[in-house]
Each structure stands twice: as C-alpha cells, then as structure tokens.
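Residue numbers (UniProt numbering), protein chains in the order written: chain A, 1 to 378; chain B, 1 to 277.
Incorrect hints may have been included.
As the list claims (entries may be wrong) - Residues from chain B shown here face chain A by an in silico Cβ test under 8 Å; the list is partial:
1) L90
2) H91
3) T94
4) F95
5) A162
6) R165
7) S168
8) S169
9) L170
10) A172
11) G173
12) S176
13) P184
14) P188
15) V191
To be verified - A few chain B residues that don't get close to chain A, going by computed Cβ distances all over 10 Å:
16) I110
17) L163
18) A167
19) G171
20) V185
No wet-lab data here; the hints were simulated from the structure.
Values in this document were obtained by computation on a predicted structure and should not be read as measured data.
Each residue gets a CB set at the ideal place from its N, CA and C atoms; glycine is no exception.
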Amino acid sequence: MKSPTPTPTTTPSTPAAAAGDERRGSIELRRVRKTYGNLAAVDDLDLTVRPGEFVTLLGPSGSGKTTTMMMVAGFEELTSGTVLIDGKPVDRLPPKDRNLGVVFQSYALFPHMSAAQNVEFPLRMRGVRAGERRKRAEEALARVGLAGLGDRRPRQMSGGQQQRVALARALVFNPAALLLDEPMAALDKRLREQMQDEVKTLQRALGISVLFVTHDQDEAMSMSDRIVVMRDGRIVQEGAPEDVYAHPRTDWVANFLGDTNLLPCKVLERKDGVAVVDLGSWGVGRVRDLGARGDTYAVSIRPEHLRFVDAERTENRATGRVLSSTSLGATIRHRLRVGEKDIVMRELSAGTRAGRGPDDEVSVGWTQDEAQLLVLEP
Amino acid sequence: MKRASPRHPSALIASVPVFLFLVVPTAIVVPVAFNRSRYITFPPDQLSTEAISGFFGDPAWMSALLASLQASGIAVVVAVLLGGSAAVALHGRTFPGRAVVTGVIIAPMIVPAVVMALAFYQFFISVGMVGTVLPIGLAHAVISVPYAFLTVRAGLAGLNPALVRSASSLGAGAFSVMRFVYLPVIRPGLVAGALFAFSVSIDETVIALFLQSPSATTLPVKMFTDIQYNLTPKIAVSSAMLVTVATLGLLVQVCFTIRRRSIARLLPLTAAADQTG
C-alpha cells in the first residue's frame, strides 16, 4: 500500500466556507442530560464545538463520552436539554437528516458492497446521479490515499484501509461535522499513530469540525485543539491539550493524563494565580493556582518537570536520596526519597550528568509555573 | 483424544446400512410410479408411464395438486414475511418479555399437529372460513413461521449492529436500511425459510385433513383418502413427485451452502495477502 498523502487539490467546498453562515459546522450541547433509571449517564453537559475545531471527549469507559456522541448523532434520545448543529436545534431530527459524518469503532462498512459503493452510499441516499456519484467517490477515496482500490470488498482490505474507506464515506457528502467514535482502537500502535497524523492533516485541510471520542490520552493530546475530560457524565476539565496536561484542576485529571507526583500541602496564601503552600518536609514553596476550591489540596509536579539542581540556587527545592535509576532509552527514570515521600522524576538521557548512583544525596527543584495546586477529590 | 475420521473405512461401512435404511423406502416409490399394473406392486413387472399420464389426466388429482400448490404458496409468502420481519424486529433489541415473544413465535414447532388441527378447525368454522384453500394455507403459514424466523435470525446473528446506525447516519431511511443493510444479510435465510415453509406445507396432512372440503383437498389428503379404498399407482406417482420436489429443494439449499462456504473460505486468504498496513 502506498503511503497516502491527503492532497485536497480540489478544495471540496470546506463546510465553513460553503455557507455564509458562521455557525455552519458548529455543534452545541446545552444542559444535556441522559438518565437510565436513576443513573445519570450524562449530567447537565454544556459543550460547544466551534466551526473547524477538533474537540476530543476524553474519559474512562462509563464516563458518558460515547453516550454524548450518540445523542449528537441522534441514536440516543436526550432526557433533557438541547443539541444544536449549525446553530439549529436537531432534537426532532432523525439521524439520517442530521448531516453528520460518523465513523464507528468497527468502521461499519457494508460487507456486500465494494469500497467505492460504500463511499457512494450517502450520495445515493441523497439522490445524486450515478455518474457524479462515481466521480465524487473516486475523489474521496483518492483523498484518503486509496485511489484505484475502489473495487475491493471491505473483507479484502486491511484494518487501516477499511478505516480510510469509512473516513472517505463519512466525508464524501460534505457533512456539517465529523463524529469519530474511538476509530483507532482496533489498530496496532504504529498504524494508529500514522492514522492520527493523517486524520489531523485531513481535518485541517478540509477545515471540518470534529467531535472525537477516545479513552486514549496520547491520542487526545496529539490530535485535539481542545480536550474535554469527562468523568461520571460530567466535564471535569476542558482546555487546550497542553494546558490540561500542565494544569490539572484535580488529582484525578492529573493521574488520568499521564504520571504525576502528588504532594499533599497546606495553602498559606493565594493571590493572582500563585499560591504559597506548606509542603511539610519539602518546606514552603510557590506554585501555580487556578483557583479550584476544595477541602484538601495537593501540589502536582510532572516527573519531567523535576530536575536536579545545585543546592541554594532555586527557590522551590528539596533535598533527598536516589533510590533507583532506570534507563528507558530516550529518558531515564529516577525514583527518589524526599522526606517521607517517594517521588518519580524523568530526565532526558542526552543531558544527563554521569555518576549519580543509588543513595547519592541530591537536590531537586522545579519552577513555579510547572507545579500546580489542585484539589484532592474525596 | 483421537477421533475416528469420517473418511475412515469403518465409518464408511457403518454408514452404508444407515443410509440405505433412510433412503430405500423413499426411493421405492419412484419405480412403483412407473409400473404398468393397476395396483401398487413392487418390484414393478412392466415399466410404463401410463400411471403418470393417468395422474396428470385425472381432474381430481390435478385439483388436489393445485390445492397443494396454492396452500403452500400462501404458506411460503405469509411465513417468510411474518417470520422474517419478526426476526428483524427482535434483532439487537432487548425489552422485558422478549423471551416470551420468541417462545410464542416458535411454539408451533412444538405443539402437536393434531392439537393445532383441532384449534384451526374450530377457529376457521367460527369465522366462517371454510371450503377454500385459504384456511389451509394460513394454517400452514402458522406452522412454517418458526422455520422462516429461525433461519432469518441465524443470518442476522452475524450482522454488526453498527451497520444499521451507520446507514442511518449516512442518510438512509427505514426502507433503505431494510434494503441495503438487512436484506443482503437475511437473503439466504429468507430463501432457506421459504424452502422450509414449502416442504412443511406440501406434505402436511393432519391439519389439511381437518380443514379439507370437496373443493379444497390437498395432495397428501387425497392420497390418504384414496389409499383406503382405491390403491392406484397414481398414489405412487404423487409420492414420487413429492420426493422429487423435496430432493430438488434440498439440492438447491446444498448449492447455496456450498457456494457461500467456498467464498468464505477464499476470503481470509485474499484479506491476509493484503495485510500490508
């Protein structure tokens, strides 16, 4: 298979540009609720996908992310609230009239149709003439790097090829937005990363809005303009991937998005986005503060944000002992004991000073912006 | 544990008597139909097609054949429509009482024929439907529905439920979903169900006997009543015909299965050859 290069030579009327309406391609959820009996699968959710934006719903299974997407697609009814597409309420529209391109985890290609027939299907449903249908399906297949493979049946194609067909089929009718439900889950790691890049490139080229559902934080980090972290049917935090990663509001978010060191603390003073905290044996330090309120607090420092420092030089600093150092290839992971607390730090192998062994006394430091005050969830 | 392969000589030797026991009584009616004698005898002393032409020249037998074909035609159409749509409706849906609904649909397979016959007899008398093939066809439809239902349901078991959602998200309404998603998957099941319904109806005797009238006598009923006082080779002719029809039906089904199997066997190979990521 050739490496597909999405080349949108004939810019297929990018949704945002086609209509003068500036809300074309937007998805809005207003106070959306979905309950099964007494259980709220989705609880008072407010969410907006702006035209051309790539928004990811990220959460563990049972967090309500797929239910949310199914309500947008029209497969699940809302208990209360409203969904708007292109600025218009769609609660009474059946899925077939919502004009959304949906890619399912299983791709859901029609097994008895060829790839081209699959891609033609939405055009056929819209009454497009056979000749034009064939032309547009060919273009769409070429766009996802499958030119010339239109005659294959889904069963004769690899997982990656099937996914590209599903993507072409979801895009060929110029939908208002694209909904992707864990579309990479069935692919192996290498192919998954390749597809992530391709989908992202295609999305940028077409300028189409995407609502993406995944439980994979790496996938969410690498593809999204905005991440919406969900837990128990609610949004716990949303923002740009790097912001959510660097500034988690709760310990749950911090742990869900990668590894972190959580140091319980007492807040002494909070002012202008900076908190002065008492970290016990770590002393008193200054950390970033997003203003989250709770009963108990902790400071989160990502392992890669800790570094070895010379004593007395950094403001935020603690002294401890190296317990072990493990090389992971590109990085080295150190386990340290500082006071009574075991912490993990990670540094690039390339810049490492040699000769740091177990039981060596070391000083570790961090900068104020890299340490985040957060609320410990009960 | 080593199991005896079906190709082992002893397995072959053991299966021959079983095969003969099952097939020979059925096969005997065929030469009998070609007998010249005025009575049913075996072995036939002189071969001729006299009985066969006699059968097709006899208006009473012809009307019985027609009644049978009409009844089974009704049974096939009704059973396939009802059984097929019931299977589609129940597919991928969970609700309280689903098992009960399924049980009711399948029940005619288990209820003794004579009980059903009595029930149909009383029912059709009370609604005034007597003297035509229609009640026989409808009764046969009831007992054929489970077959159509089960064969279609078996086909649907392999259907990815996301296909239905996928089709409707791409703009397909209920009719298109039926045509493009369900129909290709259930078509073999529908064909099998129709064949089953036909073979159930064409040789059903008990219910047809209860619901018979001079203007609605099916082939098996005519055979049964004739055999009691008039042992003509025409009975053998109609038996031979039923055997032929049943054999043809079986062959059609075997062909269907073989074709699908061979395709299924080839597909993983081609798919594997394409695994280049």
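Status of each hint after checking the structure:
no., hint, in the structure
1, L90, "violated, 19 Å"
2, H91, "violated, 15 Å"
3, T94, "violated, 13 Å"
4, F95, "violated, 14 Å"
5, A162, "holds, 4 Å"
6, R165, "holds, 5 Å"
7, S168, "holds, 4 Å"
8, S169, "holds, 4 Å"
9, L170, "holds, 4 Å"
10, A172, "holds, 5 Å"
11, G173, "holds, 6 Å"
12, S176, "holds, 6 Å"
13, P184, "holds, 4 Å"
14, P188, "violated, 12 Å"
15, V191, "violated, 15 Å"
16, I110, "holds, 35 Å"
17, L163, "violated, 5 Å"
18, A167, "violated, 8 Å"
19, G171, "violated, 4 Å"
20, V185, "violated, 8 Å"
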